[in-house]
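**Student:** Same order as they appear, the protein sequences are chains V and W. Residue 1 is where the first sequence starts when you use UniProt numbering, and the numbers rise one by one after that. Residue 1 is where the second sequence starts when you use UniProt numbering, and the numbers rise one by one after that.
Treat the hints as calculated values from the structure; they're not laboratory data. Do not take every clue at face value.
When chains are identical, the list treats them as one kind, so a pair holds in a single copy or across two.
What the hints assert, rightly or not - Using 25 Å as the maximum straight-line C-alpha spacing, the simulated DSS-like pairs for lysine-lysine come out as follows:
1) LYS134 - LYS53
2) LYS24 - LYS159
3) LYS23 - LYS134
4) LYS138 - LYS6
5) LYS164 - LYS23
6) LYS160 - LYS24
7) LYS138 - LYS164
8) LYS76 - LYS134
9) LYS24 - LYS76
10) LYS76 - LYS6
11) LYS23 - LYS159
12) LYS138 - LYS24
2 protein chains.
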Amino acid sequence: MNFSSKHIESAVNAFATLPGIGKKTALRLVLHLTQQPEEVAEQFAEAIVSMRKNIRQCERCYNLSDDRLCNICADKRREEGTICVVESIRDVMAIEDTGQYRGVYHVLGGVISPIEGVGPEDLTIDPLLERIEKDEVKELIMAISPTIEGDTTTFYISKKLEGKDIQVSTIARGVSFGGELEYADELTLGRSIVARQPYHK
Amino acid sequence: MNFSSKHIESAVNAFATLPGIGKKTALRLVLHLTQQPEEVAEQFAEAIVSMRKNIRQCERCYNLSDDRLCNICADKRREEGTICVVESIRDVMAIEDTGQYRGVYHVLGGVISPIEGVGPEDLTIDPLLERIEKDEVKELIMAISPTIEGDTTTFYISKKLEGKDIQVSTIARGVSFGGELEYADELTLGRSIVARQPYHK
Ligand SMILES: [Zn+2]
Ligand SMILES: [Zn+2]
Numbered sequence: 001m002n003f004s005s006k007h008i009e010s011a012v013n014a015f016a017t018l019p020g021i022g023k024k025t026a027l028r029l030v031l032h033l034t035q036q037p038e039e040v041a042e043q044f045a046e047a048i049v050s051m052r053k054n055i056r057q058c059e060r061c062y063n064l065s066d067d068r069l070c071n072i073c074a075d076k077r078r079e080e081g082t083i084c085v086v087e088s089i090r091d092v093m094a095i096e097d098t099g100q101y102r103g104v105y106h107v108l109g110g111v112i113s114p115i116e117g118v119g120p121e122d123l124t125i126d127p128l129l130e131r132i133e134k135d136e137v138k139e140l141i142m143a144i145s146p147t148i149e150g151d152t153t154t155f156y157i158s159k160k161l162e163g164k165d166i167q168v169s170t171i172a173r174g175v176s177f178g179g180e181l182e183y184a185d186e187l188t189l190g191r192s193i194v195a196r197q198p199y200h201k
Numbered sequence: 001m002n003f004s005s006k007h008i009e010s011a012v013n014a015f016a017t018l019p020g021i022g023k024k025t026a027l028r029l030v031l032h033l034t035q036q037p038e039e040v041a042e043q044f045a046e047a048i049v050s051m052r053k054n055i056r057q058c059e060r061c062y063n064l065s066d067d068r069l070c071n072i073c074a075d076k077r078r079e080e081g082t083i084c085v086v087e088s089i090r091d092v093m094a095i096e097d098t099g100q101y102r103g104v105y106h107v108l109g110g111v112i113s114p115i116e117g118v119g120p121e122d123l124t125i126d127p128l129l130e131r132i133e134k135d136e137v138k139e140l141i142m143a144i145s146p147t148i149e150g151d152t153t154t155f156y157i158s159k160k161l162e163g164k165d166i167q168v169s170t171i172a173r174g175v176s177f178g179g180e181l182e183y184a185d186e187l188t189l190g191r192s193i194v195a196r197q198p199y200h201k
């Protein structure tokens with residue numbers, strides 16, 4: 001593409017580094033910003049820089065957080081004895097949006113996938129096991145995608161907990177099989193948490 | 001959406017002000033940036049702020065420009081006697097990408113649309129007429145979308161030039177009717193410029 005402006009070109013290239021944003025879309029976004037007051041572009045940029053500078057992982061659950069503990073872990077009204085184990089923070093958001101869950105979370109950071117070279121040590125499984133040991137956790141709800149990798153991950157974790165006094169559940173599969181959790185509608189996802197099933201290997 | 005982080009929330013809201021970017025897409029972009037080094041987010045923001053601060057309109061053709069004149073107007077090898085009249089700078093980019101055109105441009109900033117309240121005075125038509133007067137322009141190529149509003153605009157401009165020694169052409173309509181110029185493939189668009197037709201009212 002011929003931008004006839006180095007400034008436009010570098011802004012387009014910046015947007016085009018983002019996932020799912022091609023050059024044409026990037027150009028549309030940049031041209032929109034050229035039509036806004038300078039302050040609008042500055043506020044946009046500031047929101048991003050400030051977010052990146054201040055965001056961190058919750059020390060307990062690995063959710064993204066503004067503080068040492070995320071606002072779910074910091075909320076005394078949440079049931080600390082129930083941990084919902086998810087792949088990503090998007091799943092935390094999706095489940096929170098249902099308003100059906102009162103426990104806490106643990107974000108694995110992915111699932112075990114030998115093909116993609118992701119082993120248990122690449123995920124936050126060890127911290128999860130330590131947390132279960134320390135915090136008197138009574139129930140683990142595995143809210144993991146119903147894929148081979150997801151099932152492998154659930155199996156691996158439940159195996160590690162064998163002999164321990166803890167209930168491992170999986171969410172009821174009202175969520176369509178093979179579907180990604182974050183795209184499930186709130187009602188289905190909420191119900192599938194309420195109607196969770198004990199996990200049997 | 002429940003973000004469990006004020007920083008994430010404000011960055012998502014910032015992205016969601018951009019055209020065509022909904023909250024889900026915005027979240028995907030923000031989560032991507034959380035996974036990048038802080039410098040990447042800073043460079044991204046800097047490219048946008050710097051672009052917005054430094055970009056201006058070419059004083060001659062109203063193309064976006066880094067300087068007083070855009071790099072097309074500043075290029076001595078371009079034929080100044082031929083002006084391609086377009087609606088937006090995206091059309092300039094699309095035509096430049098064909099590599100078929102050696103003249104210069106004039107960006108109208110839209111088309112005459114009584115329904116949307118856009119009159120000739122809202123476009124850069126007066127500066128175009130002054131430019132034609134001053135710069136010994138021999139040909140005006142109207143590369144305007146083949147819509148009612150586009151045709152009205154071409155008619156209005158050609159009417160203003162009546163009695164003047166200037167050829168008014170329209171680009172050959174190999175470009176699909178009703179299609180927007182910027183989405184035409186390079187070959188079609190390039191050929192339609194080469195095979196431009198004299199304009200008859
Ligand atoms: Zn937390
Ligand atoms: Zn120019």
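**Student:** Confirm or reject each hint.
**Tutor:** Okay, the hints, checked on the actual structure:
1. LYS134 - LYS53: This pair counts as neither: shortest intra-copy Cα distance 31 Å, inter-copy 53 Å.
2. LYS24 - LYS159: neither (49 Å within a copy, 35 Å between copies)
3. LYS23 - LYS134: neither (50 Å within a copy, 37 Å between copies)
4. LYS138 - LYS6: neither (59 Å within a copy, 31 Å between copies)
5. LYS164 - LYS23: neither (53 Å within a copy, 41 Å between copies)
6. LYS160 - LYS24: neither (49 Å within a copy, 35 Å between copies)
7. LYS138 - LYS164: within (10 Å within a copy, 88 Å between copies)
8. LYS76 - LYS134: For LYS76 and LYS134, the Cα distance is within 25 Å only inside one copy (17 Å; across copies 75 Å).
9. LYS24 - LYS76: Neither: 47 Å inside a chain and 29 Å across chains, both beyond 25 Å.
10. LYS76 - LYS6: Between copies, since 19 Å is at most 25 Å while 52 Å is not.
11. LYS23 - LYS159: Close neither inside one copy (47 Å) nor across copies (38 Å); limit 25 Å.
12. LYS138 - LYS24: Neither: 51 Å inside a chain and 33 Å across chains, both beyond 25 Å.
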